[in-house]
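Engineer: Residues per chain, in single letters:
There are 2 protein chains.
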Amino acid sequence: MKSTMMHYPLTIAHLLERANRYFPGVEVVSLLPDKSLHRTDLGRLTTRARALCQALLGAGLKPGDRVATLMWNHYAHFEAYLGIPAAGGVLHPLNARLHHGDLEYIVNHAEDRFLIVDSALLPRFEEVKDKVNLERVFVAALGDASVPAGYENYEDLLAQGSDALAGYPQLDEYQPSGMCYTSGTTGRPRGVVYSHRSTIIHTYDVCLAGGIRPSDVGLPIVPMFHALAWVWPYIAALVGAKTVFAGPHTDPESIIELCRAEGVTFASGVPTVWLRVLEALQAAPEQARLRPGMRLLIAGSAVPESLLRAYDALGVEVIHSWGMTEVTSCGTAAILKPYFKDLPEDERYRLRAKQGYPLGFVEARVAVEGGKPVAPDGQSIGELQVRGPYVSGSYFKMAPDAEKFTADGWLRSGDVATVDREGFIKITDRSKDLIKSGGEWISSVDLENAIMAHPDVAEAAVIAAPHPQWDERPLAFVVPKQGSTVTADDIRRFIADKFAKWWLPDDYVFIDAIPRSSTGKFSKLTLRERYQSYFTSRARG
Amino acid sequence: MKSTMMHYPLTIAHLLERANRYFPGVEVVSLLPDKSLHRTDLGRLTTRARALCQALLGAGLKPGDRVATLMWNHYAHFEAYLGIPAAGGVLHPLNARLHHGDLEYIVNHAEDRFLIVDSALLPRFEEVKDKVNLERVFVAALGDASVPAGYENYEDLLAQGSDALAGYPQLDEYQPSGMCYTSGTTGRPRGVVYSHRSTIIHTYDVCLAGGIRPSDVGLPIVPMFHALAWVWPYIAALVGAKTVFAGPHTDPESIIELCRAEGVTFASGVPTVWLRVLEALQAAPEQARLRPGMRLLIAGSAVPESLLRAYDALGVEVIHSWGMTEVTSCGTAAILKPYFKDLPEDERYRLRAKQGYPLGFVEARVAVEGGKPVAPDGQSIGELQVRGPYVSGSYFKMAPDAEKFTADGWLRSGDVATVDREGFIKITDRSKDLIKSGGEWISSVDLENAIMAHPDVAEAAVIAAPHPQWDERPLAFVVPKQGSTVTADDIRRFIADKFAKWWLPDDYVFIDAIPRSSTGKFSKLTLRERYQSYFTSRARG
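Just so you know, the protein sequences line up as chains A and B, in that order. With numbering that gives the first Met the number 0, you'll find the first sequence wraps up at 540, consecutive numbering, no jumps. With numbering that gives the first Met the number 0, you'll find the second sequence wraps up at 540, consecutive numbering, no jumps.
Just chain A, same shape as in the assembly (with noise of 0.2 Å):
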């Protein structure tokens, strides 16, 4: 017997002409990166879209041929998410905070093809662009940009291409969509390709944790490309809601701006991003305010509780989430369950404080070697270990590799992790940021979150230092809030309760911020590297 269902793909190309036929005056609003604000709506970004497509399709795109993206957050950008897959390319966005060693690796590694590229962004090609082997580069002028001499003007691709549609090349829902590389904190960066089924199906379960309504009005705050943008553009795209982009703007400033001015009720980042907004929300509790009800998807590193309870105090729903490139975006959330309901709100807090449960197709295990999984009591500690239909089962043009697949067929995250009875994980650190001091195993990010929860403390991040008694112990750094002189006596009061002795960091280092990586968490490497013989030296001194 046969199911008497349509054989009807899952594409890309089906949410263009959605979007295109059903909410063509949604509003899509771009902060550019000369301040300026650009405003359009989805008829006219999904017309030029369907124009992207028929023009690489003139210029003899051929399915599979990697176009690369190095853009901003903006309706360019969003035009490419929707019409280089229709044209059945693979998107390529490039992590503009690479450096230009890396970008290099990357399109050459990808072999992407054609490569369209902001003005603002387009000093960041010409440090590789003598290096790699595009086709045709094309240039989004932005705002009052110009398209410089030598290069391909993106608007004159489009015009080519503003004849009626033809029609989408036959599209297979598991043919590449796109494709992102890690940041790779060791090791090349390597390469995810995603299906136009990996993608659609990622965009519903994110609608779902998000609880996404056309109603909304949603500012990515995440990268285009950095992991799909955690899939806003096809979220928008599915569900007809309204866009904001904050272009290159990332400053407290000008996010709670976008947010008032634009009715922003939905956005995502990373908690560093959340945090300093919430330290200006704070400071000026007059003036700023974000919208009551307005929910943050925040994922990327953990969200420490404080975070979570300061944002209730402002009206604002912090959903805590946990994600790789590797699972396309976000692969659990901290949902609560209806029977959460009594409990006491200290637990609920602590609830929160997790990385929570799968995503619906997501299946997770908290493992130890062999794929058994620990024990569900929220102390066994284990790899987090997970897969799906939009979990990455390989690296382009890598083989197949033990150190980040499981025999029997699970992405290893590299996340420390333990799962309780209800099946909320909680990472308890990257396998390479726990500290193993004496033989024994001490959590970073319990330390860093205790050590935030310090009202006047802004930023944290705790990493192991070489020790020449105990291996490893840790050290902490601290971003004081402005005006406070918080000291290092007060913090280790602060936190003295809440550990065992041998836990608390050996030293507070106060810095005037933590090191960013590209895509905008705590870079905990570089203070590895930088601060590597903190204890080695002084033993010796």
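There is no bait here: all hints are sound.
Pairs count within a copy or across copies, as identical chains cannot be separated in the list.
Using 25 Å as the maximum straight-line C-alpha spacing, the simulated PhoX-like pairs for lysine-lysine come out as follows:
no.	residue 1	residue 2
1	403	435
2	61	1
3	396	1
4	435	371
5	520	403
6	1	403
Please keep in mind that the hints were generated in silico from the structure rather than gathered at the bench.
Use these hints to put chain B onto chain A, whose structure you have.
Structural biologist: Coordinates of chain B only, in the frame set by chain A:
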């Protein structure tokens, strides 16, 4: 180039395991036929569904074997929704309201192998028992009922599977997971066979249309033997929402009491049910209340604008949808777009009284012969045609049929519709309900809605009655509200200025209730049959 994503099928077994692992404490409440309340949770329910799966495999179930159910809405039916497809079987819910001749036909046509029947509906099975060829019949005894001699006990079946599940059979997402027969007002019922994939994509789309959150409490009033209960059981398992079942009790008092006692926030059903609930709410405004913010997903026939307004006044949002068994359940919904918010209130109601635009992956067109779309002017009429991953492209064991499918692969809904610039579809009639008077078309639905807007009218139906002079003329049927003394002249005056004079019904017949079809919709077929000589015999008389 290939995507690096894992191959991971979309199956109902995943939903079963997900609910078991992550939502064990989520409640499932059933009002049983004897009016007792049965309470369980997704932990126990999915454990039993696993046992059902294993027991069916033990009984020799092969992939694609049909397992029929003849049950009201309750926990045991939910178990079947999960356990049968997880075993690779095909869940085949039988419509308990069908004539025994149709029941017999359907069981034999589907070649059902096993049957699970609840004790309340066993008498219905016994009407056809000797005419069908089932290998085994299991009786689920509800409440205090027992299993009569000569039948196997459903609980004994579960006990055979109660050991830990050895593992699910390998499932392909395209393999069949369920089937429903259309209630076909003309010709024999036709079988529609859903797949795991189609069911799950549909589940996502209904979640988005209904704005479903894990905190929702859902009451699917639509029977579980009709269009997979609009996939509520799969929604609950996907997002972890509480379920409330009304068993066979769809009277307003039972519904209102269940909503109050169990905190229902989302319910689904046909307009007739919610018309009666509304009447009861209005008759006792002090005692009876629904939860403010509650949403009603209503489909099955057109929702009169008066119903939208009346529920809004009670703080309840009606989401007007259109669907068919062939589209799994809902295919469109009248969800306001963000840029409609500035429209005048009357215009917003006018839009919400349409059937709206397609759900996520449905494609819809309003077309005339040859598939040519009509102008999107909200006036030109054509047939509503749809396609998509959860739309049926054929019927079980039937040759392709030009009356049901177009040559270019769309399902013909048989509904006459218009579509406006915003893509909002408005069903003006079933093809066979259009009234052809003197060569011109009159919409029976428009007349019905206008009559139902009269404050003293509870229900109304308008049919095409054969007429000696005009071929057909509209004949109206009116059910006055209790205690009302409304007359035909009152209604005539009330609608006189809303239509061209020749549109107005030639006569009004006052009756106690509009006859219902087996799915609870108004049965205009019954009225047409009963009143076919209304005008012709009078002309002769």
